[in-house]
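Novice: Whole structure, please, built from the sequences with the hints as guidance.
Protein chains: 6
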Amino acid sequence: MARPITLFTGQWADLPFEEMCKLASGWGYDGLEIACWGDHLDPWQAAEDDSYVKAKLDLLEKYGLKVYAISNHLKGQAVCDDPIDQRHKDILSSRIWGDGDPEGVRQRAAEEMKMTARAAKNLGVDVVVGFTGSSIWKYVAMFPPATAEMVAAGYRDFADRWNPILDVFDECGVKFAHEVHPSEIAYDYWTTVATMEAIGHREAFGLNWDPSHFVWQDLDPVGFLWDFKDRIYHVDCKDAKRQVGNGRNGRLGSHLPWADPRRGWDFVSTGHGDVPWEQCFRMLNTIGYTGPISIEWEDAGMDRLLGAPEALEFVRRLAFDAPEAAFDAAFSTSD
Amino acid sequence: MARPITLFTGQWADLPFEEMCKLASGWGYDGLEIACWGDHLDPWQAAEDDSYVKAKLDLLEKYGLKVYAISNHLKGQAVCDDPIDQRHKDILSSRIWGDGDPEGVRQRAAEEMKMTARAAKNLGVDVVVGFTGSSIWKYVAMFPPATAEMVAAGYRDFADRWNPILDVFDECGVKFAHEVHPSEIAYDYWTTVATMEAIGHREAFGLNWDPSHFVWQDLDPVGFLWDFKDRIYHVDCKDAKRQVGNGRNGRLGSHLPWADPRRGWDFVSTGHGDVPWEQCFRMLNTIGYTGPISIEWEDAGMDRLLGAPEALEFVRRLAFDAPEAAFDAAFSTSD
Amino acid sequence: MARPITLFTGQWADLPFEEMCKLASGWGYDGLEIACWGDHLDPWQAAEDDSYVKAKLDLLEKYGLKVYAISNHLKGQAVCDDPIDQRHKDILSSRIWGDGDPEGVRQRAAEEMKMTARAAKNLGVDVVVGFTGSSIWKYVAMFPPATAEMVAAGYRDFADRWNPILDVFDECGVKFAHEVHPSEIAYDYWTTVATMEAIGHREAFGLNWDPSHFVWQDLDPVGFLWDFKDRIYHVDCKDAKRQVGNGRNGRLGSHLPWADPRRGWDFVSTGHGDVPWEQCFRMLNTIGYTGPISIEWEDAGMDRLLGAPEALEFVRRLAFDAPEAAFDAAFSTSD
Amino acid sequence: MARPITLFTGQWADLPFEEMCKLASGWGYDGLEIACWGDHLDPWQAAEDDSYVKAKLDLLEKYGLKVYAISNHLKGQAVCDDPIDQRHKDILSSRIWGDGDPEGVRQRAAEEMKMTARAAKNLGVDVVVGFTGSSIWKYVAMFPPATAEMVAAGYRDFADRWNPILDVFDECGVKFAHEVHPSEIAYDYWTTVATMEAIGHREAFGLNWDPSHFVWQDLDPVGFLWDFKDRIYHVDCKDAKRQVGNGRNGRLGSHLPWADPRRGWDFVSTGHGDVPWEQCFRMLNTIGYTGPISIEWEDAGMDRLLGAPEALEFVRRLAFDAPEAAFDAAFSTSD
Amino acid sequence: MARPITLFTGQWADLPFEEMCKLASGWGYDGLEIACWGDHLDPWQAAEDDSYVKAKLDLLEKYGLKVYAISNHLKGQAVCDDPIDQRHKDILSSRIWGDGDPEGVRQRAAEEMKMTARAAKNLGVDVVVGFTGSSIWKYVAMFPPATAEMVAAGYRDFADRWNPILDVFDECGVKFAHEVHPSEIAYDYWTTVATMEAIGHREAFGLNWDPSHFVWQDLDPVGFLWDFKDRIYHVDCKDAKRQVGNGRNGRLGSHLPWADPRRGWDFVSTGHGDVPWEQCFRMLNTIGYTGPISIEWEDAGMDRLLGAPEALEFVRRLAFDAPEAAFDAAFSTSD
Amino acid sequence: MARPITLFTGQWADLPFEEMCKLASGWGYDGLEIACWGDHLDPWQAAEDDSYVKAKLDLLEKYGLKVYAISNHLKGQAVCDDPIDQRHKDILSSRIWGDGDPEGVRQRAAEEMKMTARAAKNLGVDVVVGFTGSSIWKYVAMFPPATAEMVAAGYRDFADRWNPILDVFDECGVKFAHEVHPSEIAYDYWTTVATMEAIGHREAFGLNWDPSHFVWQDLDPVGFLWDFKDRIYHVDCKDAKRQVGNGRNGRLGSHLPWADPRRGWDFVSTGHGDVPWEQCFRMLNTIGYTGPISIEWEDAGMDRLLGAPEALEFVRRLAFDAPEAAFDAAFSTSD
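Protein chains in written order, with full-length UniProt numbering: chain A, 1 to 335; chain B, 1 to 335; chain C, 1 to 335; chain D, 1 to 335; chain E, 1 to 335; chain F, 1 to 335.
It does not matter which identical chain is meant; a pair holds if it fits inside one copy or across any two.
Taking lysine to any residue pairs in the SDA-like style, the calculated list, with each CA pair at most 20 Å apart, reads:
| no. | residue 1 | residue 2 |
| --- | --- | --- |
| 1 | Lys229 | Glu197 |
| 2 | Lys114 | Ala159 |
| 3 | Lys229 | Leu256 |
| 4 | Lys22 | Asp303 |
| 5 | Lys229 | Val193 |
| 6 | Lys66 | Asp126 |
| 7 | Lys89 | Met150 |
| 8 | Lys54 | Cys172 |
| 9 | Lys89 | Phe143 |
Derived from the structure by calculation, the hints contain no laboratory data. Being a predicted model, the structure only gives us computed values, none of them experimental.
Specialist: Written out as C-alpha cells, the structure is:
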C-alpha cells in the first residue's frame with residue numbers, strides 16, 4: 001500500500017481550517033500536517049478541551065483526511081532564540097509574546113511546546129514537528145570571533161531548555177521532530193551530530209527531514225537519511241533551487257526577498273528544484289520509514305492553488321513502494 | 001615596475017610592532033598594512049601626536065618598509081552591529097567598550113573611525129581599510145521572516161551612522177575601503193550594490209577587495225573587480241578553500257572552529273585555496289588598480305612563520321605587470 | 001491572466017499563411033509572430049495597402065489568433081553584412097537582391113526594414129523582430145589579426161546604417177527587437193553592451209531575447225534579462241542542446257549540418273535542450289515583461305508537426321504568472 | 001512509421017510465457033525479445049521441432065506481438081567464463097551444467113549457442129542477443145599483476161571458442177549481438193575494440209547496445225553508437241543511476257545488493273537514470289539503425305508491473321523518427 | 001617537529017637492499033617501509049634469527065634511516081584469494097607456492113603473515129602493512145548474480161582466516177594495517193565497514209590508508225580518515241589520475257597496461273594525480289595520526305629515479321605541522 | 001635522452017634573428033622553430049641561395065641551437081582564404097600581396113608555400129609548420145544558411161589548391177604540418193577528419209598539434225593525439241585559459257582584444273592555462289612522437305621576456321621520458 005501524502009497547513013493559515021480541509025481533500029491529499037497557528041489548531045485548547053479535539057477530528061473525517069503529525073515551528077523557534085525581536089513578535093500570539101521581555105517570551109514558548117505534546121496525544125498523533133531556535137545562530141559568520149566555549153554554551157542552553165519539554169513528550173508518548181534548518185540549533189550535518197550529543201541522543205528528540213535546506217548548503221539529503229535513520233520521525237517535502245553560477249548571486253541570499261531571481265537559492269514548488277526526490281524516496285523505503293510524506297508548499301513565484309495539486313501529483317509518481325522480490329530472481333533455474 | 005606587496009599586521013598584533021617590522025622586512029615585503037590594535041597603531045595618538053607618527057614612520061624606514069593603508073576592522077565592526085555582545089567586548093579596547101551599553105559602544109566606535117581618518121592623513125596614507133558592521137546581518141537566514149522594510153532600515157542605519165564618519169574622511173582627503181565580508185552591511189555582490197546606493201555612491205566609500213570571502217559564497221571575484229572598478233581602493237590577499245562535496249560538510253561551517261576539516265570551507269594561506277589568483281591579478285592590471293597588494297595571512301592549520309614568506313613568494317610570481325605591446329604586433333609587415 | 005503564447009511562422013513559410021493559421025489555432029496558440037517572407041507577410045504591401053492589412057487581420061481573427069510582433073530577420077541580416085554572397089541570395093527576394101551588388105543589396109534591405117516598421121504600425125503591432133547583420137562577424141576568430149580600430153569601425157558601420165532605419169521606427173511608434181545571435185553585430189553579452197553604446201542606447205532599439213544562442217556560448221540567459229531589462233522588447237523560445245563532452249564534438253559545430261550528432265550543439269524543440277526555462281520565465285515575471293512568449297520552433301531531428309504542439313504544452317506549464325502575496329504572509333499573527 | 005518497441009522477457013521468466021505475452025500486449029508493446037530460459041523459449045526445441053516454433057509464433061500473433069530477436073545471455077556467459085562456480089550453476093539448466101566440470105560446462109554452453117542460432121532462423125529472426133563470458137574478467141583489478149600476455153590469451157580464448165559458434169550463425173544467416181557488459185570479454189570501449197580485432201571484425205559478431213553499463217563507467221553511449229555504427233545489431237534499453245558524490249558510495253558497488261542506496265550506481269527503470277536517452281535515439285536515427293528498441297526492465301527498487309508500462313510510455317515519447325526536410329528549407333526564396 | 005617521511009621499498013625490490021638504503025638516504029628520506037620480498041626482508045629469518053635482524057638495523061643506521069613499518073602485501077594477498085592462479089605464483093616465493101594447491105598456498109601464506117608479526121616485533125616495529133586477499137572479489141560485477149549469502153560467506157571466510165593471524169599479532173604487540181584496495185576484502189568505504197564488523201572491530205586490525213585507490217572510485221579520502229580515525233595505523237602516499245571524460249576511457253581500465261593513456265585512471269607519481277594531498281595531510285593532523293608518511297612510488301610513465309626524490313620534496317612541502325595557536329588570538333584585547 | 005625543446009620565433013619577428021638566437025640560447029632552449037617572416041627566414045632566398053642558408057645555420061650553431069622545423073603560417077593562411085582583405089595585407093609581404101587582387105594573392109601565397117618546402121630541404125629540415133586558410137570558415141555560424149554542398153565545395157577548394165603544393169613537398173621529402181585552428185580548413189576534430197579525407201590522407205599532409213585551440217572548444221587534446229597518431233608531425237605548446245563561467249563572458253570572445261578579461265578565453269603563457277600538459281606529454285611518449293616540443297609563446301597580459309624562460313622550465317619539468325621497465329616488475333619472484 002502506498003505511503004500517505006499529507007499537506008502541511010502552515011503556509012495556508014490565513015485560510016479558515018475548513019477551507020483548507022476542503023482544498024486538500026479536493027486535490028486528493030490523504031491528510032494534513034496541521035499547523036498550530038491561525039485557526040488551524042490551538043494547542044492549549046487541544047490539550048485541555050476534548051470537545052475542541054473532537055470537532056477537529058470530525059472535520060477531518062468529513063473531508064476524508066487523516067492527521068499523522070502536528071506542527072508548531074513558530075513557538076519552538078522562540079524557545080532558545082537570542083536576540084528576541086520584532087521578527088518574533090510578528091509570528092507569535094500575544095499570549096506568548098506578552099510584554100516582549102526576551103526571557104519571558106522564551107519560557108512561555110516552552111510552555112506552549114509542552115502543551116503541543118499534550119494536544120498531539122489528545123488528537124491521537126505521535127509526532128510534533130517544529131523548530132528549536134538557537135542562541136548561537138547569530139555566531140554563524142564566526143566574526144567577531146566566537147570561541148569554542150561560546151558555541152558549547154549554546155548547545156547546553158538548548159539542552160537545558162528542551163529537556164524539560166521533552167520530559168512532557170515522554171509522558172505523552174509523543175516525539176518531537178526538529179526540522180534541520182538555518183537559524184536553529186541543528187542546521188546542517190555536523191550541528192545535528194552535536195545537537196544529538198547535547199541531548200544525550202534521547203529518543204524523544206528526532207528529526208523532521210526537509211531536504212530543501214540541504215541542497216543549497218551542499219549537503220546530501222540522501223546520505224543524511226541513512227546516517228540518522230533511527231531519528232527520522234517525519235518528512236517534509238519542500239524544494240529549493242540553487243541560483244548561483246553567474247558569479248553575482250551568492251549562497252547567502254543577499255537579504256533579497258523570496259522570488260527575487262538574484263538570490264543564490266530559493267524555495268520552489270516540490271519538483272521544481274534541486275532535491276533528488278526519487279533517490280530520497282528510495283532511501284526512505286530502504287531505512288524503513290513508515291510515516292507520511294508531507295508537502296510543505298513554499299514558492300513565492302508561483303500561485304499556491306496551482307502548485308499544491310501539482311506537487312501532490314509529482315510526489316505520488318515518485319514515492320512508489322519497494323517491490324517484493326529482486327529482479328534477478330527470474331534468472332534462477334529450477335528445472 | 002612591479003606592484004608593492006605588503007603584509008597586513010592584524011593577525012600579528014600579539015607581537016610588538018618592531019618585531020613585526022623586522023619579520024616582514026626580513027621576508028622581503030615592501031611594506032605593511034598596519035592594524036589599529038595591539039601596539040601597532042593607536043589611531044587616537046596618531047591623530048593627535050606628531051611625534052608618535054614620526055616614531056612609527058622612522059621605524060618603518062629603518063626596516064625599509066612603506067605604508068600605503070592602515071586598518072581598523074575591529075572598531076568599524078562595532079559602528080552598526082546589533083546585538084553588541086561579549087564577542088565585541090573581546091576585540092574592543094576598554095576605551096571603546098566602556099560600560100558596554102550598545103548605543104554608547106557604537107558611538108565611541110564611530111568616533112574612533114573618524115580618528116583613524118585623521119591618523120591616516122598624518123601618516124601620509126590615503127586609505128583606511130575596515131569593516132562597517134551591520135544591524136541586519138542577524139536576518140541572514142530570513143527566518144523568522146524579516147520584511148523588506150526591516151532590510152531597508154538596515155541600509156539606512158548604515159548610511160546614517162557612516163555618513164558623518166565619511167565627512168571626516170573627505171576633510172582629510174582619505175578614503176574608506178570596506179571589506180566585503182559576511183557579518184557586514186555589504187557581504188556579497190547584491191548587498192554591495194545596495195550599500196553603494198544607500199550611501200549615494202559617495203566617493204569617500206569604496207572597497208577593500210578580499211577574494212577569500214567570495215569563493216565559498218560562489219561569487220566571482222574577477223567579475224566583481226570589473227563591476228566595481230572605480231571603487232576598488234585596496235586589495236587584501238586572503239585565500240579560502242571549499243571543503244564541501246562529501247555530502248556532510250556544509251557551506252555555513254557548522255559552528256566548527258577554523259582548521260576543523262569538517263567545516264565546509266576554511267581560510268588558508270594565500271595560494272593554498274580556491275581563489276583564481278592569476279586571473280584576479282590580471283584583472284587588477286586591466287582596471288588600472290595601482291595600489292599595493294596586501295597579504296592578510298590567515299590559516300589556522302599552518303604556522304604563520306612558515307606561511308607568510310611562502311605567500312609572498314607565491315604572490316610575487318603571479319602578480320606580474322602587463323606588457324607594453326600586444327604579441328601579434330610581431331606579425332605585422334613593413335617591408 | 002496568463003501570458004499569450006505565439007508561434008513564429010519563419011520556419012513554416014513554405015506553407016500558405018492560412019494553413020499556418022489553421023495549424024496554430026488548432027494546437028491552441030494564442031497568436032502568431034508573423035514572418036515577412038513566403039506569403040506570410042509582404043511588408044511593402046502591408047505598408048502601403050490597407051486592404052492587404054485588413055485581409056491579414058481578418059484571417060487571424062477567423063482563427064482566433066492575435067499578432068503582437070512581426071519579424072524580418074532575413075532582410076535585416078543583409079543591412080550590415082559583409083561579404084554579401086550566395087547565402088544571402090538564397091534567402092532574399094529578387095526585389096532586394098537585384099543585381100547582387102553588395103552595397104545595393106544592403107541599401108535595398110535597409111529600405112525594406114523601414115517598410116517593415118510601417119507595416120507593423122498598420123497592423124497595430126509595436127514590435128518588429130529581426131537581425132542586424134554585421135560587417136565584423138567575419139573577424140570572430142581574431143586571426144588574421146583584426147585591430148581594435150577594425151572592430152570599432154564595425155560598430156560605427158552598424159550605427160550609420162541603422163540609425164536612419166530607427167528614425168522611421170520612431171516615426172511609426174514601433175520598436176526594433178534585435179535577436180542576439182552569432183553572425184550579428186550583437187551576438188553575446190559584451191557585444192550587446194557595445195552595440196547599445198554604438199547606438200547611444202536609443203529607445204527604438206531593443207532586444208528579442210532568444211536563449212538558445214546563449215546556452216552553447218556559456219552565457220547566462222537569466223542574468224541577461226536582468227541586465228538589459230529595459231530593452232527586452234520580445235521573447236523568442238528556441239532551445240539548444242550542448243553536445244560536447246566526448247572530447248571530439250566542438251563548440252563551433254565543425255561545419256556539420258543541423259541534426260548531426262557530431263555537432264557540439266544543436267537547436268532542439270523547446271524543452272528538449274539546456275535552456276533553464278522556468279528560471280527564465282520567473283525572471284520575465286520579475287522584470288515586468290508583459291509581451292508574448294513566442295515559440296520559434298527549430299529542430300532538424302524532429303517532425304515539426306509533432307514538435308510545435310508539444311512545445312506549446314511545455315511552455316504553458318512553466319510560464320506561470322507570479323502570485324499576488326508572499327507565502328510567509330501566512331505566518332503573520334493578528335490575534 | 002515509428003520504430004517498434006519490444007520488451008525483453010529475461011526478467012520475467014518466472015512468469016509463464018503466455019502471461020508475459022498478455023501483459024506486454026496489454027501495455028501496448030509491439031513485440032518481445034524472447035529469453036531462452038524459463039518456459040519462454042527452449043532453443044533446442046526451437047531448433048529441432050517445427051511445431052514448437054509454430055506454437056510460439058501463434059501465441060505471439062494471438063497477442064499481436066512481433067519477435068525481432070531472441071536472447072540467450074545466461075548460456076553465452078558460460079562459454080568463456082573462468083572460474084565456473086555456483087553462480088553459474090544457479091542460472092544454467094541441468095542440461096548445460098551436467099556434472100559441473102568447468103570445461104564440460106563451457107562446451108555444452110557453446111553447443112546451446114549454436115542451437116540458439118538455429119532456433120532464431122526457424123523463428124524467422126535474424127539476431128541473437130547475449131553474452132560471451134570472459135576468462136580474463138577476473139584480472140580487472142590488475143592485482144596480482146596480470147601480464148599483457150595473459151590478457152592477450154583471454155582474447156584468443158574468446159576467439160577460439162566463439163568462431164565455431166559464429167560459423168553456425170553464418171550458416172543460419174543470423175547475427176550474434178553481444179551486450180557490452182562488465183564480466184564479459186568486451187565490457188567497455190577499448191575492450192570492444194580489442195574484441196573486434198580478436199575476431200577479425202567478422203560480420204556475424206556485432207553488438208547489443210545497452211547504455212546502462214556505459215553511464216556508470218563514464219563512457220559515452222552516444223559516441224559509441226557512431227564509432228561502432230556498422231556493428232549495432234540490437235538495442236536494449238536499460239537505465240542506470242550514478243549514486244556517487246557523497247564521498248562514501250564507490251563506483252564498484254561495495255558488494256551491496258541491488259536497490260541498496262549505498263551502492264555507487266544501480267539499475268533503474270528506463271527514464272529514471274543517467275542515460276541521455278533522447279541523444280541516443282537521435283543518434284540511432286542518424287546511423288540508420290532500423291531494428292527494434294527493446295526495453296530490458298531492471299529496477300530492484302520498483303515494482304515491475306508499475307515500471308514496464310511507464311518505461312514504454314517514456315521511450316515512445318522520445319524515440320521519434322527523424323523528419324523529412326531540414327527546418328531552414330523554409331527560409332529559401334523562390335519568388 | 002615534522003612528521004617522518006619514509007619510502008616503501010616494494011617497487012624497488014629488484015635492487016639489493018643496501019642500494020635501496022643508499023638511494024633513499026641520498027634523497028633525504030627519513031626511513032624505509034621495508035617490503036618482505038626480494039632481499040629486503042625475509043620475515044622467516046627476521047622472526048627467528050637475531051643476527052639477521054641486527055644486520056638489517058645496522059645497515060639502516062649506517063644510512064641514517066629509521067623503520068616504522070614493514071610490509072607484506074604479496075603473501076597477505078594469498079591468504080583469502082580465490083581462485084589462486086598463475087598471477088599468485090608469479091609473486092610468491094616457492095616456499096609459499098609449494099605445489100600450488102590453492103588451500104595449501106593460502107595456509108602457508110597465513111603462516112608467513114604470523115611470521116611477519118614476529119619479524120616486526122624483533123625489528124622494534126609495531127605495524128605490519130599488507131593485503132588480505134578476498135574470496136568474493138570475483139563477484140564484483142554482480143553477474144552472474146551473487147547472493148547476499150555468498151557475499152556474507154566471503155566476510156566470514158576472511159574472519160576465519162585472519163583471526164588466528166591477528167592472535168599472533170596481539171601476542172607480539174604488533175598491529176596489522178590493511179590497505180583498502182580493489183581485489184581485497186575491504187576495497188572501498190562500505191566494504192571497510194563490513195570488514196570491521198566481520199572481525200568484531202578488534203584492535204589488532206586497522207588500515208593502511210592509501211588514497212590512490214579512492215580517487216578513481218569517487219571516494220573521499222579525507223572523510224575516510226575522519227570516519228576511521230581510530231584505525232588509521234599507517235599512511236602510504238600513492239597518487240592516481242582519472243583519465244575519463246573523453247567518453248571512451250572507462251573507469252575499469254579496459255585490461256590495458258599501466259601507463260597506457262586509454263586507461264580510465266592510472267597510478268602516477270605523488271603530486272601528479274587527483275589526490276587532494278594538502279587536505280589529507282591537514283586531516284591527519286586533525287585526527288592525531290603520529291606515524292610516518294610513506295611514499296609508495298608507482299608511475300609506469302616516469303623514471304623512478306626521477307620520481308622518488310621529486311615526490312619527497314612534494315610531500316615535505318605540504319605535510320606541515322599544525323600551529324600552536326589560532327590566528328584570531330591576535331584580535332584579542334587585554335589593554 | 002630528453003626530447004628537444006624549441007622556441008617558435010613567430011611572436012618575436014620584430015627582433016633581429018640574431019638577437020632572437022641569443023635570447024633563446026641564453027634561456028636554455030635547444031633550438032628554434034623559425035618563422036618565415038621578419039628577417040628570421042626568407043623562404044625564397046633559402047630555397048635559392050645556398051650562402052643564405054649557410055649563414056643561418058652558422059648563426060644557429062654559434063648559439064648552440066638546432067632547427068627541426070620552419071613555419072610559414074602567414075602565407076599559408078592566404079592560400080584558401082575568402083574574403084582576402086586588409087587583415088591579410090597587414091601580415092603579408094608586398095611580394096605576396098601585390099595589387100591585392102584576391103585570386104592573385106592566393107596564387108602567390110601558394111607559390112611561397114612551395115618555396116618554403118624547398119627552403120626546408122636546404123636547411124636540412126623535414127617539417128614545415130603552417131596554416132591552410134579556408135574558403136568556408138566564414139560559414140561558421142551557419143546563418144545565413146550554408147548548404148552541405150557549399151561546405152563540400154570548401155574542402156574541394158582546399159584540396160585543389162594544396163595538392164600541387166604538397167607535390168612539391170613530396171619532391172623535397174618534406175612534410176607539411178597544418179595547425180588545427182579556427183579560421184582554417186581543419187579547426188576541430190571532425191573538420192580534421194573531413195580535411196584528411198579531402199586530401200586522400202596523403203602522407204605529405206599532417207598536423208602541427210597545438211592544444212591551446214582545443215581547450216576552449218571543449219576538445220580533448222590527448223585523445224586527438226591518439227586518433228591522429230600517424231599524422232602528428234610537429235608539436236606547438238601554446239596554452240589557453242577558459243574565462244567563461246560568470247554568465248557574461250562568452251566562448252566566442254566578444255570581438256574583445258587579447259588580454260581583456262571579459263573574453264571567454266585567452267591565450268596564456270604555457271602552464272598558466274587549461275591544457276593538461278602532463279597528460280599530453282605522456283601521450284606523446286605513448287604514440288612514439290620523436291620530434292621537438294616547440295613553445296609558441298603568446299600571452300598578451302605578460303611580458304614575453306619573463307614568460308619565455310618560465311615556459312621552458314615548465315615544459316622541461318613535465319615532458320619527461322617514459323621509463324624502461326614497468327613498476328610491477330619488482331614484484332616478480334625468482335627465488
